[in-house]
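Peer 1: We have chain A; now place chain B onto it with these hints.
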Amino acid sequence: MSQPDFVYVTYIETTPDKLWHALTDGDFTERYWFGVRLRSDWKVGSSFEMVHGDGTVSDAGKIVEVDPPRRLAYTFVNLSDTYRNDLPALATFELEPHGKLVKLTLTHEGFAPGGKMLPAISRGWPAILSSLKSLLETGRPLEIPRAAIKLES
Amino acid sequence: MDEVFKALADASRRLLLDRLHARNGQTLNDLCDGLAMTRQAVTKHLAILEAANLVTTIRHGREKLHYLNPVPIHQIGERWIRKFERGKLAALSELKRQLEKPDEST
Numbered sequence: 001m002s003q004p005d006f007v008y009v010t011y012i013e014t015t016p017d018k019l020w021h022a023l024t025d026g027d028f029t030e031r032y033w034f035g036v037r038l039r040s041d042w043k044v045g046s047s048f049e050m051v052h053g054d055g056t057v058s059d060a061g062k063i064v065e066v067d068p069p070r071r072l073a074y075t076f077v078n079l080s081d082t083y084r085n086d087l088p089a090l091a092t093f094e095l096e097p098h099g100k101l102v103k104l105t106l107t108h109e110g111f112a113p114g115g116k117m118l119p120a121i122s123r124g125w126p127a128i129l130s131s132l133k134s135l136l137e138t139g140r141p142l143e144i145p146r147a148a149i150k151l152e153s
Numbered sequence: 001m002d003e004v005f006k007a008l009a010d011a012s013r014r015l016l017l018d019r020l021h022a023r024n025g026q027t028l029n030d031l032c033d034g035l036a037m038t039r040q041a042v043t044k045h046l047a048i049l050e051a052a053n054l055v056t057t058i059r060h061g062r063e064k065l066h067y068l069n070p071v072p073i074h075q076i077g078e079r080w081i082r083k084f085e086r087g088k089l090a091a092l093s094e095l096k097r098q099l100e101k102p103d104e105s106t
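Chains as they are written, first to last, in this note's numbering: chain A, 1 to 153; chain B, 1 to 106.
Note that these hints are calculated values from the structure, not bench results.
Each hint should be verified, as a subset may be incorrect.
With a straight-line Cα cutoff of 30 Å, these simulated DSBU-like cross-link-like pairs (lysine-lysine) come out [stated by the list, open to error]: (1) A:K103 - A:K62; (2) B:K64 - A:K100; (3) B:K64 - A:K116; (4) B:K101 - B:K64; (5) B:K6 - A:K116; (6) B:K44 - A:K103; (7) A:K100 - B:K101; (8) A:K116 - B:K96; (9) A:K100 - B:K6; (10) A:K103 - B:K6; (11) A:K103 - B:K64; (12) A:K18 - A:K43; (13) A:K116 - A:K100; (14) A:K62 - A:K116.
In this text the structure is predicted, and so the values were computed from the model without any measurement.
The shape of chain B in the complex, shown without the other chains:
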């Protein structure tokens, strides 16, 4: 679990997770595209994320694809959120999501 917290304690790595959350299964080139980070830095951050099991990679043909793996984050939540609190929290996060989302037809 230490590795997960260390991996998450860096804004650049959280940004990489955000990008995978927006679009799962990206190559290193996809992930570097439009980022103000060197390719080497992205590679290093991805290795840390992979070691924490927050990112998982698969080979697809000649490409190596990166996927966000939310299972360890789920386990952190399970550790401190008691089951009877979950319904309320889910309702609150849904409320926050609804209130914060840009105007759009629903």
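The shape of chain A in the complex, shown without the other chains:
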């Protein structure tokens, strides 16, 4: 197994079931993930897509692991020409209850050496995870404009 390229941890005041729903429900992800709906039937081997408001699919990959509400893993890569030298990298979410909090650990690994996905994604995840935490804890997402963190769509 390769060493993860990064590991993000956030503690969210919620339940594992609610957090699982937040990670896998397209209507919900749209509220904290730069307006992106995640589309999949969440079965191992199924397709995984990030769908934008106008219906375009920016990123796609496959579901690798589904163990609700504990572990979820999928691969994805951006489909635009900018990322033509990149490979689908593996994102793994682990949910661990700790009293009133759930520890969410996200690891991401398997980026193509010299690819452009790693720097882009390392700007994206902290914003997405912060917004997810806010939405679950306060009912309000953070509404971070994509341009603010220089993500290419």
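Peer 2: Just chain B now, kept in the frame of chain A:
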């Protein structure tokens, strides 16, 4: 949030974060290498950073790897930076970065 500020209020701990920012996923030995700090001091600082959730560790085979976790820093930013200011700030920090970086072909 207090823990994050306390953890950041120390130059040695910020240096450790800088090293992880330059290269994520280091062992304790990697982090001690070339530092004018004892191993015990590094261990103590890492424990404080970990308690503040600024550093997270995972087991990889027989090794314990340390990762910079920027999520709490992002949350501090979110608390005081209003959303309409963000675009301007991003532009300013990019300008600062461009102006300050050493000459290189871009």
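Peer 1: Is B:K64 within 30 Å of A:K100, Cα to Cα?
Peer 2: holds (27 Å)
Peer 1: Given the hint that B:K44 pairs with A:K103, test it: the Cα-Cα distance must not exceed 30 Å.
Peer 2: holds (23 Å)
Peer 1: A:K100 and B:K6 were given as a pair; does the straight-line alpha-carbon distance stay at or below 30 Å?
Peer 2: holds (24 Å)
Peer 1: So if I understand the rule, the pair passes when the alpha-carbon distance is 30 Å or less; does A:K116 with A:K100 pass?
Peer 2: Violated: A:K116 and A:K100 sit about 38 Å apart, past 30 Å.
Peer 1: Take the C-alpha atoms of B:K64 and A:K116, compute the straight-line distance between them, and say whether it is at most 30 Å.
Peer 2: Answer holds: B:K64 to A:K116 is near 27 Å, not above 30 Å.
Peer 1: Hint check: A:K103 vs B:K64, CA-CA at most 30 Å. Holds or violated?
Peer 2: holds (19 Å)
Peer 1: Does A:K116 lie within 30 Å of B:K6 when you go C-alpha to C-alpha?
Peer 2: Given pair B:K6, A:K116 is violated - Cα atoms ~34 Å apart, limit 30 Å.
Peer 1: Does A:K62 pair with A:K116 here, judged by a C-alpha cut-off of 30 Å?
Peer 2: holds (20 Å)
Peer 1: Mind checking the alpha carbons of A:K100 and B:K101 for me, to see if they're no more than 30 Å apart?
Peer 2: Between A:K100 and B:K101 the Cα gap is close to 45 Å, so the pair fails against 30 Å, i.e. violated.
Peer 1: Given the proposed pairing of B:K101 with B:K64, does the C-alpha separation stay at or below 30 Å?
Peer 2: Violated, because 33 Å separates the two Cα atoms, which is more than 30 Å.
Peer 1: Does the structure keep A:K116 and B:K96 at a Cα separation of 30 Å or less?
Peer 2: Since the Cα atoms of A:K116 and B:K96 sit roughly 22 Å apart, the hinted pair holds (cutoff 30 Å).
Peer 1: Next pair to validate is A:K103 with A:K62; report whether the Cα-Cα distance is within 30 Å.
Peer 2: holds (24 Å)
Checked against the numbered hints given earlier, this structure breaks hints 4, 5, 7, 13; the rest are met.
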